[in-house]
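If you're matching positions, the sequence shown starts at 1 in UniProt numbering and goes up one per residue.
I should point out that these hints are in silico values taken from the structure, not numbers from a laboratory.
Yeah, the Cβ is synthetic: ideal placement off N, Cα and C, and Gly gets one too.
Hints should not be assumed to be uniformly reliable.
[Said to hold, decoys possible] The calculated lysine to aspartate or glutamate pairs, modelled on DMTMM-like cross-linking and capped at a C-alpha distance of 20 Å, are: (1) LYS202 to GLU168; (2) LYS202 to GLU170; (3) LYS202 to ASP176; (4) LYS171 to GLU139; (5) LYS202 to GLU164; (6) LYS202 to GLU60; (7) LYS171 to GLU151; (8) LYS171 to ASP150; (9) LYS202 to ASP64; (10) LYS171 to ASP91; (11) LYS202 to GLU106; (12) LYS202 to ASP91; (13) LYS202 to GLU185; (14) LYS171 to GLU204; (15) LYS202 to ASP150; (16) LYS171 to ASP134; (17) LYS171 to ASP110.
[As the list claims (entries may be wrong)] Label-pair ranges, simulated between beta-carbon atoms: (18) GLU213 to SER152: 17 to 27 Å; (19) GLU168 to GLY193: 19 to 29 Å; (20) THR149 to GLU66: 16 to 26 Å.
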Amino acid sequence: MTAGKSASDALNRSSEGANSPDGESPGTPRWVVFLLAALGVTLVAICGVCGGGLYYFSPELANDPEQAVALTDQIATVDVPEPFQPAGIIDWNLAFVMQMRGAYYEIPPDDGLLMLIAVRGPLVRQESIRDHVDRTLRETGGGATPLVTDESATRQISTAAGSEVPFEFEKATDPDTGAAYRIVEGVVTGPDGSVLVALRVKQEQWNEQSIVEMLRSIAPR
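Take these sequences, add in the hints, and give me the full structure.
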């Protein structure tokens with residue numbers, strides 16, 4: 001069994017689990033599959049034995065609002081703005097290699113996406129996860145072409161964790177449709193860990209005050 005096939009099989013099994021036969025759980029979102037596939041390739045590149053691990057330790061996926069709220073409470077305190085609705089979780093535990101636990105929120109039908117992700121592990125850097133999340137936000141925005149950044153600025157925001165955190169605020173455009181988006185990314189570090197915050201919102205749904213208030217409320221658990 002090759003490492004690439006191990007990663008693919010693990011993701012396929014997880015996607016099948018998220019599509020339960022009772023019809024209560026909808027299909028796994030495209031961006032989730034995209035993100036996990038990219039992470040799988042990175043893990044295989046970092047550690048050859050991780051290929052087998054990807055097969056035996058497949059990620060747990062659930063399109064379940066209640067689980068999204070519960071997992072959020074476990075990884076951080078945060079006041080999520082009202083337009084974002086809890087949608088699901090990603091829980092991927094690769095034993096001593098990496099543990100990634102994330103909750104995601106959406107603005108239906110496809111107007112916004114918020115990810116809160118806690119990552120721990122000796123072989124995976126937070127920067128690597130952030131790079132994959134950034135690509136995911138851009139390449140699953142709706143069109144076939146990745147979003148293009150028009151403006152970018154770094155803002156220092158004081159968070160409930162007790163420190164100032166640099167967040168990237170971007171304006172982006174979908175080249176295929178001309179739709180305008182806002183993207184925000186940053187990592188909040190606390191005494192017991194860190195949480196990656198990433199969101200993509202259509203311009204029509206953008207409320208800067210509520211987003212900044214959310215960022216200020218974050219404290220990793």
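Results for each hint:
1. LYS202 to GLU168: Holds, at roughly 16 Å.
2. LYS202 to GLU170: Satisfied, since the Cα-Cα distance of roughly 12 Å is no more than 20 Å.
3. LYS202 to ASP176: holds, 14 Å
4. LYS171 to GLU139: Distance ~15 Å between LYS171 and GLU139 Cα, so the pair holds.
5. LYS202 to GLU164: violated, 26 Å
6. LYS202 to GLU60: violated, 29 Å
7. LYS171 to GLU151: With a Cα-Cα distance of about 5 Å, the restraint between LYS171 and GLU151 holds, given a limit of 20 Å.
8. LYS171 to ASP150: It holds: about 5 Å lies between the C-alpha atoms, which stays within 20 Å.
9. LYS202 to ASP64: Cα-Cα ~23 Å, so violated.
10. LYS171 to ASP91: violated, 30 Å
11. LYS202 to GLU106: holds, 12 Å
12. LYS202 to ASP91: Roughly 27 Å between the alpha carbons, so the hint for LYS202 and ASP91 is violated.
13. LYS202 to GLU185: holds, 15 Å
14. LYS171 to GLU204: Judged against 20 Å, a Cα distance of about 12 Å means the pair holds.
15. LYS202 to ASP150: Roughly 14 Å between the alpha carbons, so the hint for LYS202 and ASP150 holds.
16. LYS171 to ASP134: holds, 13 Å
17. LYS171 to ASP110: Within the cut-off at roughly 17 Å; holds.
18. GLU213 to SER152: 17 to 27 Å: Holds, since GLU213 and SER152 (Cβ atoms, about 22 Å apart) stay within the stated range.
19. GLU168 to GLY193: 19 to 29 Å: For GLY193 against GLU168, whose Cβ atoms are near 21 Å apart, the range 19 to 29 Å holds.
20. THR149 to GLU66: 16 to 26 Å: violated, 35 Å
Taken one by one, the earlier hints fail for this structure at numbers 5, 6, 9, 10, 12 and 20, listed in ascending order.
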